[in-house]
Amino acid sequence: MCQVTISNAYAKNEEYSGFKVYNIKLETEEQQHKFEILKSDLIDYWRKPSKKFNITGQAMILNYIKTLETTYENSTDINLKVIDAALTAEGRSLIYIKVTSQASTSEKPIIIIEAGINPREWISTIPTSLNIVNKLLDQSNNRFISNYEWIIIPVLNPDGYEYTHTNLRLWMKSRNTQSYLGAICPGVNINRNFDIDWLSFDSSSSPCSHLYGGTEAFSEVETRLIKSLLNNYGERIRLYVSLQNNEGYITYPWQYERAASGMFVQQHLLGLNMIEAMQESYNLGTASEIYGDRASGTSTDFMRKNGVLYTFNIDIVPRGEDSVIIPREEITTIAEDVWRAVSEAADTLS
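1 is the number of the first residue of the sequence shown in UniProt numbering; add one for each residue after it.
Zero decoy hints are in this set.
Listed next, the in silico EDC-like pairs over lysine to aspartate or glutamate satisfying Cα-Cα at most 16 angstroms (straight line):
| id | residue 1 | residue 2 |
| --- | --- | --- |
| 1 | Lys66 | Asp84 |
| 2 | Lys135 | Glu336 |
| 3 | Lys98 | Glu69 |
| 4 | Lys135 | Asp347 |
| 5 | Lys305 | Asp195 |
| 6 | Lys108 | Asp347 |
| 7 | Lys305 | Glu257 |
| 8 | Lys227 | Glu216 |
| 9 | Lys98 | Asp77 |
| 10 | Lys135 | Asp77 |
| 11 | Lys108 | Glu235 |
| 12 | Lys305 | Glu235 |
| 13 | Lys227 | Asp195 |
| 14 | Lys81 | Glu69 |
| 15 | Lys135 | Glu344 |
| 16 | Lys98 | Asp84 |
| 17 | Lys98 | Glu73 |
These aren't lab readings, by the way, just hints derived from the structure by calculation.
Whole structure, please, built from the sequences with the hints as guidance.
Dropping the structure here:
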């Protein structure tokens, strides 16, 4: 529910006579997106925070992550580092966490967990990704850091994530204003900006679309981070998981074409193991089959195309009435489900 005030754009005093206040109920993503585009100096709106739940702000989370790094700085068992990789368009830190044992070697295989590519999907961002970090620090799970080096990106789209808390709950893009309509329609859909059949399917060249793929592939610092990880670690990357939340799916490439990638049988069998470990009802298959359509420029297709065999989207099963806005009481259970799937994959591949 939003309160919208129609006003004189040139009024400089605080006289509110003549203002009208309307209550508008925005029920769908499309309605919210159109409202965002129409917003101008003639329209001001006041928005109440969601009553479902609120995830702790990024500044506090960053402090927590930095505290973890300090805590394990002199550990003889655990090697935990926080990498400040880049700054976003709005000047926020784009970070990832590396966790392994101190006995790490340069040949240890790598698991990458990417969270928060779609900023409105809060449950697949901080709660699930940091729960994985905490599990890796538990001594009872020592085998996971002994066998692998882990790279966890808790929020791949920090600017968009912040915007979903302060302005538009269902926002799907970054906040980059570099396009020709950037001042009116900012942002790029990060999961349409990878160089894999870029801008061909379920993507848009219009900056005002929530599926806008950017001015070119890898135009965004967020996608360039993933590309740099691939360039730096290449064949060492054993597993790549993109965390999202939608309808309860585990999918593997391809999404840009209606076919499975090579060696899809191995991917499917591993996906079955992950679902069994979660003890939840998930659908499994290629992304184009499960989602019912093709999409270009996605992170998992990009990684698979460049040699990472085991790449998955985990679309977390909704436990509330909404697949995006999930009740607070379900957060811990969902985060544990994701850990069971990821840890099962790690055990199977070790």
